[in-house]
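4 protein chains.
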Amino acid sequence: MQSIGVGLIGTGYMGKCHALAWNGVKPVFGDGPRPRLVHLAEIDADLAARRAAEFGFERATANWRDVVADPEVEVVSITTPNALHAEMALAALAAGKHVWCEKPMAVTLADAERMAAAARAAGRVAALGYNYIQNPLIRHIGALLAAGTIGVVNHVRFEMDEDFMADPEAPFSWKSDAASGYGAPDDFGVHPLSLIAVLFGGVARVMAQLAKPYADRPLAGGGRRAVATFDSACVLMELRNGATGIMALNRAAWGRKGRLAFQIFGSGGTIAYDQERMNEFQLFTASGDPAEQGFRTVLTGPVHPPYERFIPAPGHGLGFNDLKLIECHELLNAVAGRPARIIDFAAGLGIERAVHAIVRSHREASWFDV
Amino acid sequence: MQSIGVGLIGTGYMGKCHALAWNGVKPVFGDGPRPRLVHLAEIDADLAARRAAEFGFERATANWRDVVADPEVEVVSITTPNALHAEMALAALAAGKHVWCEKPMAVTLADAERMAAAARAAGRVAALGYNYIQNPLIRHIGALLAAGTIGVVNHVRFEMDEDFMADPEAPFSWKSDAASGYGAPDDFGVHPLSLIAVLFGGVARVMAQLAKPYADRPLAGGGRRAVATFDSACVLMELRNGATGIMALNRAAWGRKGRLAFQIFGSGGTIAYDQERMNEFQLFTASGDPAEQGFRTVLTGPVHPPYERFIPAPGHGLGFNDLKLIECHELLNAVAGRPARIIDFAAGLGIERAVHAIVRSHREASWFDV
Amino acid sequence: MQSIGVGLIGTGYMGKCHALAWNGVKPVFGDGPRPRLVHLAEIDADLAARRAAEFGFERATANWRDVVADPEVEVVSITTPNALHAEMALAALAAGKHVWCEKPMAVTLADAERMAAAARAAGRVAALGYNYIQNPLIRHIGALLAAGTIGVVNHVRFEMDEDFMADPEAPFSWKSDAASGYGAPDDFGVHPLSLIAVLFGGVARVMAQLAKPYADRPLAGGGRRAVATFDSACVLMELRNGATGIMALNRAAWGRKGRLAFQIFGSGGTIAYDQERMNEFQLFTASGDPAEQGFRTVLTGPVHPPYERFIPAPGHGLGFNDLKLIECHELLNAVAGRPARIIDFAAGLGIERAVHAIVRSHREASWFDV
Amino acid sequence: MQSIGVGLIGTGYMGKCHALAWNGVKPVFGDGPRPRLVHLAEIDADLAARRAAEFGFERATANWRDVVADPEVEVVSITTPNALHAEMALAALAAGKHVWCEKPMAVTLADAERMAAAARAAGRVAALGYNYIQNPLIRHIGALLAAGTIGVVNHVRFEMDEDFMADPEAPFSWKSDAASGYGAPDDFGVHPLSLIAVLFGGVARVMAQLAKPYADRPLAGGGRRAVATFDSACVLMELRNGATGIMALNRAAWGRKGRLAFQIFGSGGTIAYDQERMNEFQLFTASGDPAEQGFRTVLTGPVHPPYERFIPAPGHGLGFNDLKLIECHELLNAVAGRPARIIDFAAGLGIERAVHAIVRSHREASWFDV
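Residue numbers (the numbering used here), protein chains in the order written: chain L, 144 to 513; chain H, 144 to 513; chain D, 144 to 513; chain Z, 144 to 513.
Simulated from the structure, these hints should not be mistaken for laboratory data.
Careful, some of the hints might be misleading.
Since the list gives no way to pick out one identical chain from another, each pair is judged satisfied if it fits inside one copy or across any two copies.
[Stated by the list, open to error] Cut-off 20 angstroms, straight-line C-alpha distance, at most; resulting in silico cross-link-like pairs (SDA-like, lysine to any residue):
| hint | residue 1 | residue 2 |
| --- | --- | --- |
| 1 | Lys355 | Arg420 |
| 2 | Lys318 | Ser410 |
| 3 | Lys355 | Pro482 |
| 4 | Lys318 | Pro449 |
| 5 | Lys318 | Glu256 |
| 6 | Lys318 | Phe307 |
| 7 | Lys355 | Gly239 |
| 8 | Lys318 | Ala188 |
| 9 | Lys318 | Ala456 |
| 10 | Lys355 | Phe315 |
These figures come from a predicted structure and were not determined experimentally.
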């Protein structure tokens, strides 16, 4: 396969992120087909045309179904608001396309189940945009866990915090509307859950407490409207590997900008990571002279593939967009039938089930199996 | 009052810590009575004599009741194993002494209740050894919270981790025996609970998951014995001020040596602290130009009383023992009838109740009011 | 201008870095011409062809003069070993091309002077690859200095450390050969000097001490060869703005991977930065309540342009390659006659002069004006 | 020797620090004589009496010669302003007392030489107050260097920064008066020089640049007065062990409160330390799998003697005053004729010579042998 035809639906935050990945994946990795950027959809025709010119797409449309119907498109990037994922993914799969869909999968569990079933039936690659798992350091941490470097894992802590909902006087937005989902559990929780999925095989059961830091928010036209979503969540977990732990989420965490952090405790050591410093992780192993033991700050380098595809010198730093580019490369591996590190719709459904179990455990104030 | 007669029961870890405080409190603070180190008890007579010579006590005994009975002793430091606290504190109070008792208060809730009742009845000062609350930075954080510097607190996270139980092949010790208590909840949990008590007025309800990272441990004579205590604990909390949060405890956390850490999220900012770097805290306030906002690392200095009693220059660093010395000074304030920052037996009973609620919530797998 | 024809000479570390920038600059920034990747040169014809396929270039050659002579090439990226820069840049300028040449400019001061003269005469854009100055945080720090946020700067410290020369038993390589230049002063020193140039207008005089941590290195065929270059350097500086300071360089600094760090002290505050954590900087201002003063860790975000062209959410992190992409965009600004943040050959000559002054001050053991 | 008679001259910053050490040394270490606090001098008789009551001294005087003449005083702590050290130390030695004198030794080199000669002639212990060398971690770093853990040291960097002279509008004080000495070189430089002395055997030659960040300062009564001392200094160094390096000092470093920091680069690793986080150091060794190499943060613990004399649990933290207490214990070791880690007047003279060489190298703009 010399090239692969690409369609893109949505050109906002994640849409641009996909576009950058499609432009850069061949120059960075050298292998695989050259993406041919065929067709792009954006809700406004003018904007669609402008974005196509910027991103290097051949055709633009205001109707996303044109992209799905385009015979030259072989894979479709879906980067629209969450509520639209299901319809678009189902249509793309039905049209025989591979699908690269942003997370979370869907707003309802029923939709997610339909998507997983459709992907299975279609026999196409259907991958979700869980790019944090693509950090070379996360891969390496997975390898360390598999190798038993910190022994048997018995306790974990995951945190995810940003502050875009922290201002109590920020106007009511769709993020506070029930139609957007639950709030922190799906908007945020899916990220740590994706890491738990690849590092530990997923969550077995949960017990959660969801909260609304602010009961209502001002409306643009005056007055206030009750907030319907949960901006913070605290979760007790039992992982599939038997370890216990906590997950804490907060979209109203002043000062945190992209803090997806975790601590993993094992019988022989500890690993810690914080996405805000995504080019380093902390490793403690109970070995050597106690007088020189300590947490090591390991900087990413060419010894942590595929960092070396980006930069031959260590410690120079990857960025957030580079993770999406690695994800794109993994998607292409999957399309080519090679082993690939992706969270497909089947695995993604497991994450959605965990999200919904979290919400039910809160409502029923009791543990809930995933 | 020119001087105050001091008795000390126990000369181990905390016993020495009390002795250092009694020696240093007058030179550091300058005010209050000069402690007269009268009588010291240690289980072995020779050791008692040696410690008395080292610590500067006039008399030594192998019978702790001698200390309690000594008419020249006005205040008794109780630093023996937890199971002995109740009997000794009750005896000291009955003898009309002030009591400075190490944490946790007692192994059973019934004992703790008896101690609180006795203290109330005796009308003497009965203080517990929660020295982390004495850090000038913790005081300052309390002042910041009271002043609304980070707005209304809505979410908190507390962690307490050390690694003295982390080695799975360390021999079975009394720390794994049911007689020692529950494990992490009382051995560790009381520390974050003491901070929550002074910063937020305590915990309203809890839901916990306790765990045993290692099912059994080797016996010195061969074979293995089942571990009866919980080395780790995960707790969902609702505080008295309405904030939600988590508390995670782990005595088997490789690499952590004294990590009593917390994050406090409010409507206007965030505060973070880690006892392993006890001379600094992190403060984020949502103010000023967003392009220069960030977490500030504030170093302790003379502007954070009573640091200035120790060192006139900022950033030079207090140590763990200095916190106990401040606690000693607060105890003397209480004895003198002045306002004092102590956790007395009444407040300590609240902490014990929280510990027992944590254990019951785990056993019954449901939320439990404190 | 709808498009611009690009030639690339060299496809190694920096060659790929340029290629990635040329592929991504239009999708990221949206404005300016679309780069048309015309012609690529690599020393081996097969490798050249392979790289052209990977990077998306239309034509490949083993003769770099083909690129310079190609009428469809309008701008030439020069990313070959330092000793070749002068000849290639002079040829490209003579052919009427714009030039984007990697740092350092040249091995000899005479060559650098010829290059600067040629650029001036040609009236084309001639920019050097000093990408660290393109970090949005470095731009912001420049703005803070200009605004007087930390008052009048009086003292600075710059450090640059990596460890690729740290192993004393690593075989003798061209980096230890005199033909490669001086070692740390030019290989490393130019980076802090580029920051000093944009932040402070350059260095006025220097006094240096160069050193060879290892006198000789093993040869592949046995025996050892004397090291001719200086792997570390210590420099006293006086900046053009009157501030004093030090610069310390070490290519044999075990554990440092890309530590380009500085501290800037002013009459009203302090700024600190470390490239190994390139998405944050430290700011202290002597303002507000002393009890809450501290160094703030500011994370890059959309408020620090042009971060927002990459990611709309703060704290998600740019990478090293993103800096080169910003540099590419600035080059295109310059080509279009717009204000541009580049170090052109004239400014680059100032950096080279500082390097040579450093070496002379070492040889003569006395201060030397730049 | 059951006890030792102590005299104290000066009760300010360092005077209190000595008093705390004298009170605590026996309880902490258990061994050695019990200090008997005999006689204290302070310039004002009332204050002297008050301090004696606070610190536990038997007698107080406003005439320091009373302390020196007191037959019950065996060792004299001298903690007065620097200009008084020489006269007092000479008198105390002449009276046959051991001397514990705060740093720096004296304002003039001639005085320092007289003090060293007098100490040699008297055959008494004459120790200087270089307490930073007493940090258990500094001892451990010394042991690591001696063991070759980071190979052969070839490059070092020392920094010492505080901000008590940072405010340009703070009134002119004695610190800016020439009578107080040179400024940063002696006031600050002696601290890193003391570390260099114990870790590397001292400095061989220096080349410095001293600076006055602020030319003048306001006078209390109006007008301004020219600053005579140097608040910052940059120094090139060659150590006695052949390593090169820099030392940077700044008393006007906004935000730094007690930053005595260093980096030591060797052929096999790197060590870094910062006094503001005095309970940890950083260690990188070029060993093990490169994918897990990194700087280790080692927390002080009982494995780093004499930490275990203070606290049996690791990571709980010593404070600044504890270092002085260790120094006191070393002084007592020396008095008892045991091996002791002190900087005596002979070694201190070496430090003074380095200070004066720094100043001369600045004045003559050339390298100067120590």
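The hints, checked one at a time:
With identical chains, the CA atoms of Lys355 and Arg420 are never at most 20 angstroms apart, being 28 angstroms at best within one copy and 32 angstroms at best between copies. With identical chains, the CA atoms of Lys318 and Ser410 are at most 20 angstroms apart between copies only, with a shortest distance of 18 angstroms across copies and 41 angstroms within one. Taking identical chains as interchangeable, the C-alpha atoms of Lys355 and Pro482 are never at most 20 angstroms apart, the minima being 42 angstroms within one chain and 37 angstroms between chains. Taking the closest pair of Cα atoms, Lys318 and Pro449 never come within 20 angstroms of each other, the shortest separation being 35 angstroms inside a single copy and 26 angstroms across copies.
In this assembly of identical chains, Lys318 and Glu256 lie within 20 angstroms of each other by CA distance neither inside one copy nor across copies; the values are 24 angstroms within and 48 angstroms between. With identical chains, the CA atoms of Lys318 and Phe307 are at most 20 angstroms apart within one copy only, with a shortest distance of 10 angstroms there and 44 angstroms across copies. In this assembly of identical chains, Lys355 and Gly239 lie within 20 angstroms of each other by CA distance neither inside one copy nor across copies; the values are 42 angstroms within and 50 angstroms between. In this homomeric assembly, Lys318 and Ala188 never come within 20 angstroms of each other (Cα to Cα): the closest approach is 26 angstroms inside a single copy and 55 angstroms across copies.
Proximity of Lys318 to Ala456 under the C-alpha cut-off of 20 angstroms is restricted to the inter-copy arrangement: shortest distance 15 angstroms between copies versus 41 angstroms within a copy. Taking CA atoms no more than 20 angstroms apart as the test, Lys355 paired with Phe315 passes inside one copy only; the shortest distance there is 13 angstroms, against 45 angstroms between copies.
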